[in-house]
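In order, the protein sequence lines correspond to chains A and B.
Residue numbers for the first sequence follow the numbering used here, so the first one is 1 and each next one is one higher.
Residue numbers for the second sequence follow the numbering used here, so the first one is 146 and each next one is one higher.
Since the hints were made in silico from the structure, they are not lab data.
Hints may contain errors.
Stated by the list, open to error - Pairs of lysine to any residue, SDA-like flavour, derived with a Cα cap of 20 angstroms:
1) B:177 to B:326
2) A:123 to A:93
3) A:36 to B:300
4) A:114 to B:263
5) A:36 to B:305
All values reported here derive from a predicted model rather than from experimental measurement.
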Amino acid sequence: MHRCLIALTALLIAASVHAEVTVQDPWVRATVPGQKTSGAFLQLTSSTDATLVGARSPVAGIVEIHEMAMDDNMTMRMRAVKAIPLPAGQAVALKPGGYHVMLMDLKETMQAGKTVKLTLVVKDGKGELEDVDVEVQVKPLGSKL
Amino acid sequence: MNDLHFPTRRTLLLGGLALLAGCDHQPRASFKGVDLADATYSGAFRLQDPQGHERTIADYRGRVVLLHFGFTQCPDACPTALARAAQMRHLLGKDGELVQVLFVTLDPERDTPQMLKEYTAAFDPSFIPLWGDPQTTKATADNFKVFYRKVPTGSSYTMDHSLLSYAFDPRGHLRVALRHNMAAEDCAHDLRQLLA
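Required output: the full structure, derived from the provided sequences and hints.
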């Protein structure tokens, strides 16, 4: 009976292991005084199937995940997306020309060389939410990457 | 008799074709971007620079003008286009000094001339931002067939807009549109043709 309980507990622990999410090369574009929005870019890899469902930051009143798309007439359209799938072991890039974390209602100017805090909210396969804290580097406005 | 005529006629025909080809107004530049030789829009603008001076294409005679429409709150496309413009000038070396980049705001309600000045200077101090009131902005965009509209997001708005950069030759004629996904090298190639 005892042994059975231990085995069961071990199984439960194994099943409830959170998605381990690693973040690479996070950066946000610098702003000029008066500019209230900026975009953050990074690369995410989750150890198990998960979904990026949101983000927040102390430097922005509103944070959303956006997708930029371009149609045949070279018109850029930007839309908030509710979730970005993070397939297990696969690096998903939020980069110019695709997804970005949209920081709106900025409370301060993003100064190149500084870092800002960003928290990504990831939902694992069981529907549990997990915060992933990231230190994001501010890069000059003209950064191409 | 007929045998003699035939080659003569043929020679005439070939000669005529050669003449026609020679008469073609001028050899078309081979752009990697969109050739605007047959564009039905004017590309006219009369907008304010940060010092409050009215600017038209005539002010930039003798230089290649690269004009981009956008807004400073744009997190992705506009910074990418302006960074590319800075790179183009760099790729052109000394000739890059003959390229004037203009950034026309599509968001005149939020983009103040001062903000615009700081914004464009962050990419290249030589860039000039241009501003017009909402009606003038609309009329200018129409002159380039540029589409834009506000899209509400959060408590604010972002904008959808056309992503072409327009290049004028040194005589002030609108010549080519550079697509957003063109490499800086290909864009520099087209500007080089305009400078030649």
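Here's how the hints hold up against the structure:
1. B:177 to B:326: holds, 12 angstroms
2. A:123 to A:93: At roughly 17 angstroms apart (the allowed maximum being 20 angstroms), residue 93 (chain A) and residue 123 (chain A) satisfy the hint.
3. A:36 to B:300: Within the cut-off at roughly 12 angstroms; holds.
4. A:114 to B:263: Roughly 19 angstroms between the alpha carbons, so the hint for residue 114 (chain A) and residue 263 (chain B) holds.
5. A:36 to B:305: holds, 17 angstroms
Violated hints are absent here; each numbered hint is respected by the structure.
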